[in-house]
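For chain H, the structure is supplied; the task is to place chain R on it using the hints.
Residue numbers (the working numbering), protein chains in the order written: chain H, 1 to 112; chain R, 1 to 113.
Source of the hints: derived by calculation from the structure; they are not laboratory data. There could be a bad hint or two in this list.
[Claimed, not checked] When the alpha-carbon atoms are kept at most 20 Å apart in a straight line, the in silico DMTMM-like pairs for lysine to aspartate or glutamate are as follows:
{"id": "1", "chain 1": "H", "residue 1": "71", "chain 2": "H", "residue 2": "100"}
{"id": "2", "chain 1": "H", "residue 1": "9", "chain 2": "H", "residue 2": "59"}
{"id": "3", "chain 1": "R", "residue 1": "5", "chain 2": "R", "residue 2": "55"}
{"id": "4", "chain 1": "R", "residue 1": "112", "chain 2": "R", "residue 2": "84"}
{"id": "5", "chain 1": "R", "residue 1": "54", "chain 2": "H", "residue 2": "100"}
{"id": "6", "chain 1": "H", "residue 1": "57", "chain 2": "H", "residue 2": "26"}
{"id": "7", "chain 1": "R", "residue 1": "56", "chain 2": "R", "residue 2": "15"}
{"id": "8", "chain 1": "R", "residue 1": "5", "chain 2": "H", "residue 2": "52"}
{"id": "9", "chain 1": "R", "residue 1": "37", "chain 2": "H", "residue 2": "38"}
{"id": "10", "chain 1": "H", "residue 1": "57", "chain 2": "H", "residue 2": "73"}
{"id": "11", "chain 1": "R", "residue 1": "68", "chain 2": "R", "residue 2": "84"}
{"id": "12", "chain 1": "R", "residue 1": "56", "chain 2": "R", "residue 2": "24"}
{"id": "13", "chain 1": "R", "residue 1": "68", "chain 2": "R", "residue 2": "58"}
{"id": "14", "chain 1": "R", "residue 1": "54", "chain 2": "R", "residue 2": "24"}
{"id": "15", "chain 1": "R", "residue 1": "5", "chain 2": "H", "residue 2": "38"}
{"id": "16", "chain 1": "R", "residue 1": "5", "chain 2": "R", "residue 2": "15"}
{"id": "17", "chain 1": "R", "residue 1": "112", "chain 2": "R", "residue 2": "15"}
{"id": "18", "chain 1": "R", "residue 1": "37", "chain 2": "H", "residue 2": "100"}
{"id": "19", "chain 1": "H", "residue 1": "9", "chain 2": "R", "residue 2": "42"}
{"id": "20", "chain 1": "R", "residue 1": "56", "chain 2": "H", "residue 2": "100"}
{"id": "21", "chain 1": "H", "residue 1": "71", "chain 2": "H", "residue 2": "26"}
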Amino acid sequence: NAGVTQTPKFQVLKTGQSMTLQCAQDMNHNSMYWYRQDPGMGLRLIYYSASEGTTDKGEVPNGYNVSRLNKREFSLRLESAAPSQTSVYFCASSGSSYNEQFFGPGTRLTVL
Amino acid sequence: DQQVKQNSPSLSVQEGRISILNCDYTNSMFDYFLWYKKYPAEGPTFLISISSIKDKNEDGRFTVFLNKSAKHLSLHIVPSQPGDSAVYFCASPQRNAGNMLTFGGGTRLMVKP
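If we strip away everything but chain H, and leave its shape as in the complex, we get (with noise of 0.2 Å):
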């Protein structure tokens, strides 16, 4: 097992141009979350999707989109990147206790 799995590891963007985090799960699990980390701030959901099918906006999606491909993938897309969404973005995902979450390694994103 893998957990959850995200790709890329590490990009830099200029501003204004755009790119998809991928993530996947091989837990089978319902709900999959995007969230960002930025210093002394802990990690902010931006989407999370329920189940298949499903997707909701979090405390920060501004500038992002998602989309839940089927239920082992859930991409988090920037369509215009701007210096603002300099962060690292991790995923996670939970199964049926809805309590903890698994999380990915994290994508390391610089906008310059």
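Structure of chain R alone, referenced to chain H:
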């Protein structure tokens, strides 16, 4: 307004001693609390949790205490080991928002040999 707060950004303890990490919350609807541990360049990993119907949960060297009247929880690590050096986050799921986790800002623990 931060619903979960960790007021100590860092803590340094000697190997073998007790580490106490604190967390305060404001939302009385929170019914479950988790502690995550995070090493640099890795994702957070689950450490221990507690339901609001309990006031203590223990797992090996780790114990979490919950004081609901004070809206305060703490993580005790005894004895502390150098490998415990990491950032620790407390978090709670929001039931009305897809069980998204609301995180505190984290406390960096340094255990000195």
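Regarding the pair residue 56/R and residue 15/R, is the alpha-carbon distance no greater than 20 Å?
-> violated, 24 Å
For the pair we were handed, residue 56/R and residue 24/R, check the Cα-Cα distance against 20 Å.
-> Measuring from Cα to Cα gives roughly 16 Å; hence the hint holds.
Decide if the proposed pair is consistent with the structure: residue 5/R and residue 52/H, CA atoms, cutoff 20 Å inclusive.
-> Violated, at about 32 Å.
Keeping to a limit of 20 Å between CA atoms, is the pair of residue 54/R and residue 24/R held or broken?
-> holds, 16 Å
When you check the alpha-carbon spacing of residue 9/H and residue 42/R, does it fall within 20 Å?
-> Holds, at roughly 10 Å.
Given the hint that residue 56/R pairs with residue 100/H, does the C-alpha gap stay at or below 20 Å?
-> holds, 18 Å
Assess, step by step, whether the Cα of residue 68/R is no farther than 20 Å from the Cα of residue 58/R, and give holds or violated.
-> Judged against 20 Å, a Cα distance of about 17 Å means the pair holds.
If you draw a straight line from the CA of residue 71/H to the CA of residue 100/H, is it 20 Å or shorter?
-> It holds: about 18 Å lies between the C-alpha atoms, which stays within 20 Å.
Keeping to a limit of 20 Å between CA atoms, is the pair of residue 37/R and residue 38/H held or broken?
-> Status holds; Cα separation ~16 Å.
Hey, residue 37/R versus residue 100/H, does the alpha-carbon distance stay inside 20 Å?
-> Measuring from Cα to Cα gives roughly 13 Å; hence the hint holds.
Between residue 54/R and residue 100/H, is the straight-line Cα distance small enough, at 20 Å or below?
-> Distance of about 17 Å is within 20 Å: holds.
Agreement of residue 68/R and residue 84/R with the hint, judged by alpha carbon distance not exceeding 20 Å = violated, 27 Å
Comparing the model with each numbered hint stated earlier shows that hints 2, 6, 7, 8, 11 and 16 do not hold.
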